[in-house]
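Visitor: Residue numbering for the sequence shown follows the working numbering, beginning at 1 and increasing consecutively.
Hints were generated in silico from the structure; no laboratory data involved.
Any given hint could be a false lead.
Claimed, not checked - DEER-style ranges, computed between Cβ atoms:
hint	residue 1	residue 2	range
1	A96	G262	42 to 48 Å
2	Q349	P59	53 to 59 Å
3	G93	L155	44 to 50 Å
4	V351	P402	17 to 23 Å
5	A345	Q202	35 to 41 Å
6	S400	T108	34 to 40 Å
As the list claims (entries may be wrong) - Straight-line alpha carbon distances no greater than 25 Å define the calculated DMTMM-like cross-link-like pairs of lysine to aspartate or glutamate that follow:
hint	residue 1	residue 2
7	K173	E104
8	K203	E104
9	K103	D308
10	K66	D299
11	K103	E343
12	K159	D308
Every residue gets a Cβ at the ideal spot worked out from N, C-alpha and C, and that includes glycine.
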Amino acid sequence: MLRMFGSTKTLLSLSIILAFSQSSTSLAEVTQGSVEGSIASPAPSTSVIVQQVKNNAAPMNYATAKPLALPTTRTLDDKVLAAYSSNSLGTLGFAAGGNGNGKERSVTLISTSQLKSLLAIAQDDSTLIAPQEYGTTYLPFTTSRVDVVSASPTLQVSKSVYYRRTGKLFFSKPTGNFVCSASLIKPGVVVTAAHCVAAYGQKRFYTNFRFVPAYYNGQAPYGTWTAASVAILPSYYNGTDCSGAVCYNDIAVIKLAPQNGGYAGNLVGWYGYGWDGYGFTNNSNLAAITQLGYPVSHDSGLLMQRTDAESYKASATQRYNNIIGSRQTGGASGGPWLVNFGELASLSQGVGVGAEANRNVVVGVTSWGYVDQAPKALGASPFTSSNIVPLVSSVCPSASTPGC
Numbered sequence: 001m002l003r004m005f006g007s008t009k010t011l012l013s014l015s016i017i018l019a020f021s022q023s024s025t026s027l028a029e030v031t032q033g034s035v036e037g038s039i040a041s042p043a044p045s046t047s048v049i050v051q052q053v054k055n056n057a058a059p060m061n062y063a064t065a066k067p068l069a070l071p072t073t074r075t076l077d078d079k080v081l082a083a084y085s086s087n088s089l090g091t092l093g094f095a096a097g098g099n100g101n102g103k104e105r106s107v108t109l110i111s112t113s114q115l116k117s118l119l120a121i122a123q124d125d126s127t128l129i130a131p132q133e134y135g136t137t138y139l140p141f142t143t144s145r146v147d148v149v150s151a152s153p154t155l156q157v158s159k160s161v162y163y164r165r166t167g168k169l170f171f172s173k174p175t176g177n178f179v180c181s182a183s184l185i186k187p188g189v190v191v192t193a194a195h196c197v198a199a200y201g202q203k204r205f206y207t208n209f210r211f212v213p214a215y216y217n218g219q220a221p222y223g224t225w226t227a228a229s230v231a232i233l234p235s236y237y238n239g240t241d242c243s244g245a246v247c248y249n250d251i252a253v254i255k256l257a258p259q260n261g262g263y264a265g266n267l268v269g270w271y272g273y274g275w276d277g278y279g280f281t282n283n284s285n286l287a288a289i290t291q292l293g294y295p296v297s298h299d300s301g302l303l304m305q306r307t308d309a310e311s312y313k314a315s316a317t318q319r320y321n322n323i324i325g326s327r328q329t330g331g332a333s334g335g336p337w338l339v340n341f342g343e344l345a346s347l348s349q350g351v352g353v354g355a356e357a358n359r360n361v362v363v364g365v366t367s368w369g370y371v372d373q374a375p376k377a378l379g380a381s382p383f384t385s386s387n388i389v390p391l392v393s394s395v396c397p398s399a400s401t402p403g404c
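Using the sequences and the hints given, assemble the complete structure.
Guide: This is the structure:
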């Protein structure tokens with residue numbers, strides 16, 4: 001089965017659905033909703049729908065949070081590698097990232113005894129995916145731990161400057177606590193999958209969001225950060241966005257609440273983000289993607305995983321989603337897909353960079369996978385000027401907005 005994440009150049013309403021941790025009366029056209037489970041009446045297409053996010057007073061039980069299952073599909077309508085789309089999404093765009101100061105605020109989220117229990121469960125679980133570097137879709141990839149735990153002492157690479165901008169996103173549903181992956185694209189703005197913040201077509205948001213950048217083995221080296229507001233597109237909120245598991249706009253942004261006047265990105269930095277085909281070749285719609293996330297099938301979701309793969313853009317049948325080979329599974333939802341990941345070397349002898357060479361640029365988030373593990377392929381909603389741009393603008397109306 002495929003999961004839904006996606007975007008396309010289909011005409012979209014410019015309205016954004018926002019969930020706020022506190023009610024707001026400063027917006028011009030607002031329809032107020034209530035806490036999770038209630039349904040807010042849609043406002044006119046030019047307005048913003050605002051709904052309170054309920055942050056539970058009880059502390060989050062990080063040890064028992066379950067990975068949110070990827071939306072899944074059984075078949076891919078396009079023949080893999082035979083459906084490169086020649087559609088033009090528009091003029092590509094890019095917003096730069098930034099480095100944080102690297103100061104840690106270490107918090108223990110899971111005790112040593114709880115960690116041992118989680119690791120024992122993982123080692124005994126016969127349902128975990130066997131390592132395989134391509135599946136039945138014949139899309140090659142490499143999936144590996146980010147941290148080098150075999151070294152002594154452990155090399156905690158996930159705290160290095162380009163990885164620590166990615167983390168775990170914990171949240172609550174009526175059925176319990178769950179976890180996805182997410183990343184910073186502004187000092188106080190996190191991007192993730194819409195299915196990690198709201199129930200598709202049911203007009204309700206989840207609650208109790210906590211973002212943990214560079215989460216490592218039950219530790220929060222840079223603290224935990226709650227949400228001030230959440231934004232998704234109306235088509236996802238109203239249930240008109242997806243075909244099966246594959247969506248145009250399985251994308252959400254979260255504005256974090258500040259701590260002592262600062263934001264998570266001031267500590268760990270933030271990625272840039274690009275849209276309308278940024279990083280993809282013009283003639284074949286291919287890109288080299290680095291996917292980061294915390295799939296529960298790998299190290300019980302306690303350690304960050306990295307997948308490197310070639311991405312191709314599917315046709316309109318699959319909502320122009322980007323597709324890669326990958327071994328990541330539930331828990332990786334919402335994790336970033338980046339182009340030009342890492343640090344650029346000092347170049348000489350006439351060697352220069354290629355086109356669209358800005359570093360560490362998010363161009364999508366993990367959205368769906370297959371029911372059957374044999375294909376080993378995932379899809380992502382590509383960022384476009386019709387989704388990521390208005391979503392970010394809704395929580396960052398100007399560059400001077402705190403956290404932006």
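Visitor: Give a verdict on every hint.
Guide: To see whether the hints hold, each was checked on the structure:
{"no.": "1", "hint": "A96 / G262: 42 to 48 Å", "verdict": "violated, 20 Å"}
{"no.": "2", "hint": "Q349 / P59: 53 to 59 Å", "verdict": "holds, 56 Å"}
{"no.": "3", "hint": "G93 / L155: 44 to 50 Å", "verdict": "violated, 36 Å"}
{"no.": "4", "hint": "V351 / P402: 17 to 23 Å", "verdict": "violated, 41 Å"}
{"no.": "5", "hint": "A345 / Q202: 35 to 41 Å", "verdict": "violated, 48 Å"}
{"no.": "6", "hint": "S400 / T108: 34 to 40 Å", "verdict": "holds, 36 Å"}
{"no.": "7", "hint": "K173 / E104", "verdict": "violated, 30 Å"}
{"no.": "8", "hint": "K203 / E104", "verdict": "violated, 37 Å"}
{"no.": "9", "hint": "K103 / D308", "verdict": "violated, 29 Å"}
{"no.": "10", "hint": "K66 / D299", "verdict": "holds, 14 Å"}
{"no.": "11", "hint": "K103 / E343", "verdict": "holds, 20 Å"}
{"no.": "12", "hint": "K159 / D308", "verdict": "holds, 19 Å"}
The structure is inconsistent with the numbered hints 1, 3, 4, 5, 7, 8 and 9, although it conforms to all the rest.
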